[in-house]
Amino acid sequence: MLRTEGLRARYGLFQALFDVNIRVGASEVVALIGSNGAGKSTLFRSIVGSVRVSPRSVWLDDVAIGGESERRQLDRGVVLVPEGRRLFPSLSVLENLQLAARNGRRGQWTIERLLDELSVLRPLAKRPATSLSGGQQQLVAIGRALVANPSYLLCDEVSLGLSPLAVTDVYALLRKASAGGTAIVLVEQNVNRALSESDRFYCLQKGRVMLEGESAAADRAKVAQAYFGV
Amino acid sequence: MAIACETLIDGLLLGALYALFGLGLSISLGVMRMINIAHGDFIVVGAYLTSLTMQLAGMQPLASLIVVVPAMFILGWLLQRLLLNRVVGGGMFAPLLVTFGLSVIIQNLLQETFTADTRSLQAGDIARRGFEVGSVSIGVLPLLSASVAVLLFALTHLLVARTHFGRQSRAVADDPATARLIGVDDKNFFAMVTGFVFAVIAIASVLYAMRTPFSPSAGPERLLYSFEAVVLGGLGSLWGTLAGGLVIGVAQLFGARISSGLGPFFGHLIFLLLLVARPNGIFNRQPR
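First to last, the protein sequences are chains H and S. Heads up, the first sequence is in my numbering, so the first residue is 1 and it goes up one at a time. Heads up, the second sequence is in my numbering, so the first residue is 231 and it goes up one at a time.
If you're looking for bench data, these hints aren't it; they were derived computationally from the structure. Be aware that a few hints might be false.
To be verified - In silico lysine to any residue, SDA-like type, Cα no more than 25 Å apart, as pairs:
hint, chain 1, residue 1, chain 2, residue 2
1, S, Lys417, H, Gly77
2, S, Lys417, H, Gly67
3, S, Lys417, H, Pro89
4, S, Lys417, H, Arg102
5, H, Lys126, S, Thr393
6, H, Lys126, S, His394
7, S, Lys417, H, Arg72
8, H, Lys176, H, Leu162
9, S, Lys417, H, Glu68
10, S, Lys417, H, Gln98
11, H, Lys206, H, Ser35
All chains, full assembly: derive it from the sequences and hints.
Okay, structure coming up:
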């Protein structure tokens, strides 16, 4: 289980997260819902070590792992798909994957398997990563995280700016990852999509958890209230 | 005609050495966005280290590479780890200032330790040997150093294009924050890169010291030639650096033909003229 306990994060004087407690069970799918600036990305960045937080604010299977480097979190199987895909333009599709596969853990997700699942990418493997379409790039970005064989995959805005068809492909890939036992935490602007794809959800507002619960039983009015703060 | 031909060849051979000076600078600029003002001084440090190794171990200059290359790698690794990592990534200005300070310190330390006298290495027989091609005579040592330079460019190219090390370096150059997310420990990696740069410096400095006398204050001029090679070739282009070095070398020797002593001046002149014509360098890639 991955959980945060009283997680606080700040950028200089600006505090972005206030005592955030979330938990993600092994192979669970959890959605984070909230408007822009609610602190979803900061929460992710705090967990993977891009934002420094105190050691006892992030726990993995009862080991305090807060504030450790991205490298250590990757070794532990906590991997982030950053917002905006962030593929390396100087690397080909294949090289983006090779880099992550080499640095990450060994496991069921190999580059071969990924290219089998995403056969559309195979003929494009030698192309510069950022020459692909947005949807294809997003698949590569998720694939790049998957070949590091995470136990916990944190996905930041993976459907932002994509066509409905591309969004379908993205979620199909995430379902395969989930079926393989990887726990997934989703940040998704489309609240309906977020709730239908997840087991549980958290609503963040201004750096605090305002609402949490089972996604299937979510009260849309309450979610909207937590989302907009009205 | 034969003289022009010989000057051209000598210029190319000299230019290859300048390019090798520039190679390290090109790598640190390309990967770490960092300019090391003390680059030339470290070339001189390498030369003194070679001289010292030869004295103490009684080695030939080329054999001393076995000692000098690892020693310089470690020096580079430590320098990055302990000092330069503190300033890298925060813009261009801080590394410039820190390495400028380093440059001053190194020159004074060298002068304090080795006096301000000019030194030269006993390169032995190889420095005097040459052969004739038609009416053009070619020195063995310049040819050797140029071949080593081209070989190192080719090896670096392969390293960057084909290996995990190269993929990491391109990823870090593109986007350090995301590179960290997929496990590139940039601080540790930068130390490896600077170690590699210093190993290249070590080879360059042995070749340099075998053909030219050096003194503690010789660093800045080496830096200038390195810089001209890198900038002329186009920032971030490896082969551009090689081409830039060759141009500077040829320009210098033709200048020296016109009037001995005007060699460096002509090198700088051609550099400026070419820069006016192509402000982004000969082999400029798309600006990021």
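Verification of the hints:
1. Between Lys417 of chain S and Gly77 of chain H the alpha-carbon distance is near 21 Å, which keeps this suggested pair within the 25 Å criterion.
2. Of the pairs offered as hints, the one joining Lys417 of chain S and Gly67 of chain H holds, with about 17 Å between alpha carbons and a cut-off of 25 Å not exceeded.
3. Among the hinted pairs, Lys417 of chain S with Pro89 of chain H is consistent with the structure: their alpha-carbon atoms are about 21 Å apart, no more than 25 Å.
4. At most 25 Å may separate the alpha-carbon atoms for a hinted pair to count; Lys417 of chain S and Arg102 of chain H meet this at roughly 18 Å.
5. For the hint linking Lys126 of chain H to Thr393 of chain S, the alpha-carbon distance of about 15 Å falls within 25 Å, and the restraint holds.
6. Between Lys126 of chain H and His394 of chain S, the direct Cα distance comes to roughly 16 Å. Compliance with the 25 Å bound is thereby established for this hinted pair.
7. Annotation: proposed proximity of Lys417 of chain S to Arg72 of chain H holds, straight-line Cα distance about 14 Å (limit 25 Å).
8. As the CA atoms of Lys176 of chain H and Leu162 of chain H are separated by approximately 20 Å, the hinted pair is consistent with the 25 Å bound.
9. Under the criterion of a C-alpha separation no larger than 25 Å, the hint pairing Lys417 of chain S with Glu68 of chain H is consistent with the structure, at around 14 Å.
10. Of the pairs offered as hints, the one joining Lys417 of chain S and Gln98 of chain H holds, with about 21 Å between alpha carbons and a cut-off of 25 Å not exceeded.
11. For the hint pairing Lys206 of chain H with Ser35 of chain H, the CA-to-CA distance comes to about 9 Å; that is within 25 Å, so the pair holds.
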